[in-house]
Amino acid sequence: MKHTLTPQRYLILLAVMLTASIGDTLLSHGMTQVGPVSFAHLGLLFVALRNPWVISGILLLLGFFASYLTALSWADLTFVLPSTAFGYVVVALLSRFWLHEHISLYRWLGIILIVCGVGFVANGPSLTEHPTPGPAGAAE
Amino acid sequence: MNAATSTFETWATILTVAATAIAGDILTAGAMRRIGDLDLIRAHSGLTGAIKAVVSSPMFLLGVLSMALSFFSLLFTLSKVDVSLAAPASASLTFIGNAAAAKLFLHENVDKRRWLAAIFVCAGVVLLSR
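Heads up: the protein sequence lines correspond to chains A and S, in order. Residue 46 in our numbering sits at position 46 of the first sequence, and the numbers go up by one each step. Whatever position you read off the second sequence (first residue = 1), add 1000 for our numbering.
By construction, these hints were calculated from the structure, which means they are not laboratory data. The reader is advised that the hints may include incorrect statements.
[To be verified] Looking from chain S toward chain A, a few residues come up when the C-beta cut is under 8 Å (computed):
no.: 1; residue: MET1032
no.: 2; residue: LEU1116
no.: 3; residue: LEU1127
Think of the CB as a built atom: it goes at the ideal place given N, C-alpha and C, for glycine as much as any other residue.
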């Protein structure tokens, strides 16, 4: 049995990438508004929970968690993780075009490396075959 | 970026994020492997059945606890360190740690292709933080 993914499952992986990166960027934007949190002022973390940017970031990260768990139920951790890493490419692009952080030549190189890395795994099998097939063995 | 944040503080917070994230990833991935294909469970007993199956797993709950710890340390870190350093740095550490931990604890077949991907992504993530 080959573990290739249906288009619907690729959509789930796409959701994993996008929600994680956009959620992180929203959180970052919110936390810069809240200001630095120190051990002396841990209460600021609860103030952060009332910031709309932080709230929408958390909502997106909840969506990320749901799609991430779904993906983990039919694919290996070492298969799903590179797709989440692709999200950091999206973070870099978002912080370039939305938060206006500078992207150096090194960062563009990093982006290319990550895209290649994700390409390697995406071509391989998505689930390790174990001698005793679980319920997942009947999937396809 | 906050100029007052020391190098030690930066990396200590980033390491905490990575260590708790690895524990969370391995625990939840192990739990999902035990529970089985969520699409099948949902087809069988609906969305509530699927949610019940996931939430009633102690291994999953432990994983969520580690992830919550990781999340709050990330919030803490993001308030001190640029997102373009903190996110990729903790991610690259989490990434390599997870590849090793998945082989060790989950007995996943981490073949040449996956190690190569791990190294490429890790290097890429380091470059992203430059």
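Results of checking the hints against the structure:
1. MET1032: Cβ of S/MET1032 sits 4 Å from chain A, so the hint holds.
2. LEU1116: Check passed: Cβ of S/LEU1116 comes within 5 Å of chain A, closer than 8 Å.
3. LEU1127: With a minimum Cβ separation of about 3 Å from chain A (threshold 8 Å), the hint on S/LEU1127 holds.
In summary, the structure agrees with every hint in the numbered list given earlier.
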